[in-house]
Every structure is written in structure tokens, then in C-alpha cells.
Amino acid sequence: MTLFTEFGRYLLMIKGMFSKPENGKMYWKELMHQCVEIGIGSLGIVVIISFFMGAVSALQTAYQLVSPVIPKSTIAQIVRDTVILEFSPTLVCIVLAGVVGSKIASELGNMRVSEQIDALEIMGINTKAYLVMPKILAALIMIPLLVVISMALGIYGGRLAGVLSGILSPAQYDKGLLGNYQPYNVFFALIKAYTFAFIISSIPAYYGYYVEGGALEIGRSSTKSVVVSCVSILFADYVLAALLLQ
Amino acid sequence: MIEVKNLKKGFGDKTVINDVSVVMQAGKCNLIIGASGSGKTVFMKCLVGLFTPDSGEILYDGQDFTDMNDESRKEIRKQIGMLFQGSALFDSQTVEQNIMFPLNMFTNDSYQQKLARVNEVLERVNLKDVNKKFPAELSGGMKKRVGIARAIVLNPKYLFCDEPNSGLDPQTSLVIDKLIAEITREYNITTIVNTHDMNSVMEIGDHIIYMHKGVKEWEGSNKEIIFSKNELLNEFIFASEFLKDAKDMRMLEQTGKIDNNRNMDELIK
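Respectively, the protein sequence lines represent chains A and B.
The numbers in the first sequence follow this note's numbering, run straight up by one, and end at 1046.
The numbers in the second sequence follow this note's numbering, run straight up by one, and end at 1619.
Take these hints with a grain of salt, some might be off.
Using C-beta positions, here's what the derived DEER-type ranges look like [as the list claims (entries may be wrong)]:
id : chain 1 : residue 1 : chain 2 : residue 2 : range
1  : B       : Thr-1605  : A       : Asn-823   : 40 to 48 Å
2  : A       : Pro-821   : B       : Phe-1592  : 52 to 60 Å
3  : B       : Glu-1591  : A       : Asn-823   : 51 to 59 Å
4  : A       : Trp-828   : B       : Asn-1419  : 20 to 28 Å
5  : B       : Asn-1454  : A       : Leu-803   : 37 to 45 Å
6  : A       : Glu-1012  : B       : Asp-1519  : 24 to 32 Å
7  : A       : Trp-828   : B       : Thr-1365  : 43 to 51 Å
8  : A       : Asn-985   : B       : Phe-1484  : 42 to 50 Å
9  : A       : Leu-811   : B       : Thr-1365  : 23 to 31 Å
Here are the simulated lysine-lysine pairs, BS3-like style, with alpha carbons at most 25 Å apart [claimed, not checked]:
id : chain 1 : residue 1 : chain 2 : residue 2
10 : B       : Lys-1424  : A       : Lys-928
11 : A       : Lys-815   : B       : Lys-1424
12 : A       : Lys-815   : A       : Lys-825
It is worth saying that the hints were derived from the structure and are not from the lab.
On a predicted model such as this, the values are computed, not experimentally measured, just so you know.
We treat Cβ as the ideally placed atom computed from N, Cα and C, and that holds for glycine.
Please construct the entire structure, taking both the sequences and the accompanying hints into account.
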């Protein structure tokens, strides 16, 4: 299947999600379920990654800033900006593409192969709306939240690592955090988070929803969905940076 | 009543269903039989709208299903129950939740009312104390029965069963066949069963359609099938010596004679 055919089918899937729900309550329940699965289910890994990401970032920045002319508080500024601009939205979303994306693709793939999606269709349910839409909406709600948590933890991780290793004092770090702060950076990071959340949820949903075959194909489509999601995230990252960071 | 007119369906260059016309009799067990690859599953999937036919009409009580918009299709689909080959139960839900799912989606009944209905259909399919079990904890036969319970919970007008006996032992197969036949009569459902199980053909086949390479080759009842002269059908149905003997015995019982090319003395012996 050509790239354009696949992309066309992906767009048709997205279009197919928009229909009147058969029962609003059931859709709401499914959305909440997906919020828990995607949000709470990924919280642990996000906490660990973010904390160490900030800590390593602080140590490596200190290692590279050898000039005595540059104040120590600059380390905090660099950690803050790299965490907010790149590490939290991009790195965390790439990890989430693996965690959440593979789960979405394999869940839908398994439902497709075991005819559960057909069973829902026969009942008169729009499966794209009932199965795919809540996953995308839940990702759009929860992933930006996870990114915000990741920002806070990353910055705190940098502070803890910097202080514990004796590179700089808590006061120096806090001073650096407040210096040259650009609220636009957070806005930019959130735009990235929303874009990546859509990619992370919709691409694996597409690969899972249209899987054909058996267990082997589910595994393959899951892997492919993660690879395509990651490449798409990196591409979107570049486009957004080029467009919004002028 | 479901009427199929000149249905055609293909994938790429391959024609899978070729100009099939048939009327599924209301309130009866309509069996679609045929060898693997004969197109019966594709035919059934066209009937329920999972595949779009290339041409032809599928009329549900006179309404053309192939020509409907999504909303009208949904209304027809609410009248359809389907038992899938692998039961297609939702793995993450208990038996009770599985059966209650259509009720949750399409009714405004209270939980107590829905639970009562779930228990009623579970009792109908002879299952007890399984409400809180997950599909993984059930045997193949039990899964099929839960699948039937879910299919009939909304009192459908049409029941589709795709290979209801696949993967089941002969005894359990008979139980499932009996259940399908009983439910068809009790609820006055138009049932369409896809099968290549000969027990089903002989036991519950009120109306049988034999498909061969995507073409309707023969049509009749389980009483008529014994006397059919259709070679392809006879080769398919009475494939083994045992079944050939069984056919001849039945013919002998009913008509006093058997096929000319077989030796009656040897059979009786």
C-alpha cells in the first residue's frame, strides 16, 4: 500500500470518528477509562525519566560551562529552558509513543483480529467514534498534563543533582530559574505536547484499527506504529520549532 | 425476511461471490454451507454490512441495506445479533458486562432491569454462576453460549452465526445447534448460520444454501438434501464412506431404495 493510500485511509479514519454518540454516557465512561489508562498508566515512567533527565542535564551543563566568567545560576537557566523547550515535550512524548502507542495499537489490533470490532459494528456502534476518539481525546487531555508534570520534575531533578553534587547552591539555582524567564516557552512546549499527543494516539490507533492477520501482525503493526509515531514527532518538532521560534 | 438479489463481491481480480440470489426464510434456520474458501463467510459479512458488495441488493424487509446511509444502517443493525466464530467477547469485561453492553448502549433501563435481562438470557443459554467470570475463564462451548446470550439480549429480529461449532467437540456442537434452533423458534428469529458441520445441516437446516466457488450451487431443506442429485453437493456433504452409508440408510428408510450405483445388500449387511 502506497504512502498516499495509507495517509488517505488515516484521514478517513479521523473523519469517521465524528458522529453522534449512540449513548453519551458510555462514551464518557470510555473517555474516563482511557484517561486513567493513558495518564495514570504512564505517570510512573514519566516521573522517573523527567527526574533523571533534569539531573543529568544539570550535571552535563555544569561540566561544559568551565569559564569562571559565567555565573553558576546560568546552569539553572539552561536546565530550565532545555527541559521546557525540548526534553519534556519531545523526549517524554517519544517515550510515551512507545508506552502508550504500542498499547493502543496492540489493544485495537487484538480487538480487530478477535472480531471484537466487528461485533461492535454489528451492534450498530460507530467503532471509530467509540474506540478511537476517546483514546485521542484522552491523550490530548492527559499528555500535556504529563508534560507539565515532567517540566516541574525535570527542573527539580536538576536542582537536586546540582545541589547534591556541590555544583551550585539552592539559592543560585533558584535565582537562575527566575532569570530571563520566557512564558512563551511554556506555551510553545504545550503546543508541541498537544501536537505530539495527537500523533502518539492517532497513528497507533490507525495501525491497530486496520491490522489484518494474527498475533504476528499485531506485533508488527505495534512496532511500526511506534516507529512512525517517533519519526512523525521528530518531524513535527522541527516544523514547530521552525514556525514558532522565530 | 432477508432477500439477496444478484450479489457480487470480489477482492482485486478475484471474484468471491458471483451473482448469488437467495431469500432467507423468516423464523427459520437458514444454513449457508460450503467448503473452506467457497465464499460463505464473505457472503455473511456482506449480509451484515461488514463488507460492501460490488453489486446486487440486500433487502431487509424490503429495505435495501446496501443503499442506506449510516444512520439507517444503524437502525437495521440494532435488529441484528451475531455470534462470531471466536465468540468475539470483550476480553476485559466479565460475562455480565459483555451481555449488558448492548443494553447499556441502546437502552435507558435501570441497572436492576438490565441485570434481570442478563440473567434471563444466561438462563436461556443454560449458563449459571458465570456472571463475574471473564471470557478467559470459560470453555469454548461456554463462550459460544455467552456469545449467543449477548446476541439475543436485545431481542433481535435476525441472528447470524458464523461457524458456531468450530473448535467444539461433537457433543457440545449438538448442544449449540439445539440452542440455536430453539431460540430461532421461541423468539421467531430469522437465523442465518454459516457452517460446514454436517450434524448442523441435518439437525437444524430448515433452509440450506450450498455455495461452491462463490456460486449458489443448491438450495433446499435438510429433508431434501438426502435426495439431491447434485454431484458437487453430494461430494461435499457425504464425503466419507460413513456418511454415504448414513445417507443410503436414510433413503432406504424413507423410500425403500438407495442410489443405483451402491450395493444394497452390502449396506444392509
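Results of checking the hints against the structure:
1. B/Thr-1605 to A/Asn-823: 40 to 48 Å: 57 Å, violated
2. A/Pro-821 to B/Phe-1592: 52 to 60 Å: At roughly 54 Å between Cβ atoms, B/Phe-1592 and A/Pro-821 fall inside 52 to 60 Å, so the hint holds.
3. B/Glu-1591 to A/Asn-823: 51 to 59 Å: 55 Å, holds
4. A/Trp-828 to B/Asn-1419: 20 to 28 Å: 26 Å, holds
5. B/Asn-1454 to A/Leu-803: 37 to 45 Å: About 40 Å separates the Cβ atoms of B/Asn-1454 and A/Leu-803, which means 37 to 45 Å holds.
6. A/Glu-1012 to B/Asp-1519: 24 to 32 Å: 30 Å, holds
7. A/Trp-828 to B/Thr-1365: 43 to 51 Å: This hint holds: roughly 45 Å between Cβ atoms.
8. A/Asn-985 to B/Phe-1484: 42 to 50 Å: 47 Å, holds
9. A/Leu-811 to B/Thr-1365: 23 to 31 Å: 30 Å, holds
10. B/Lys-1424 to A/Lys-928: 14 Å, holds
11. A/Lys-815 to B/Lys-1424: Answer holds: A/Lys-815 to B/Lys-1424 is near 18 Å, not above 25 Å.
12. A/Lys-815 to A/Lys-825: Holds: A/Lys-815 and A/Lys-825 sit about 22 Å apart, inside 25 Å.
Violation of the numbered hints given earlier is confined to hint 1; every other hint is satisfied by the structure.
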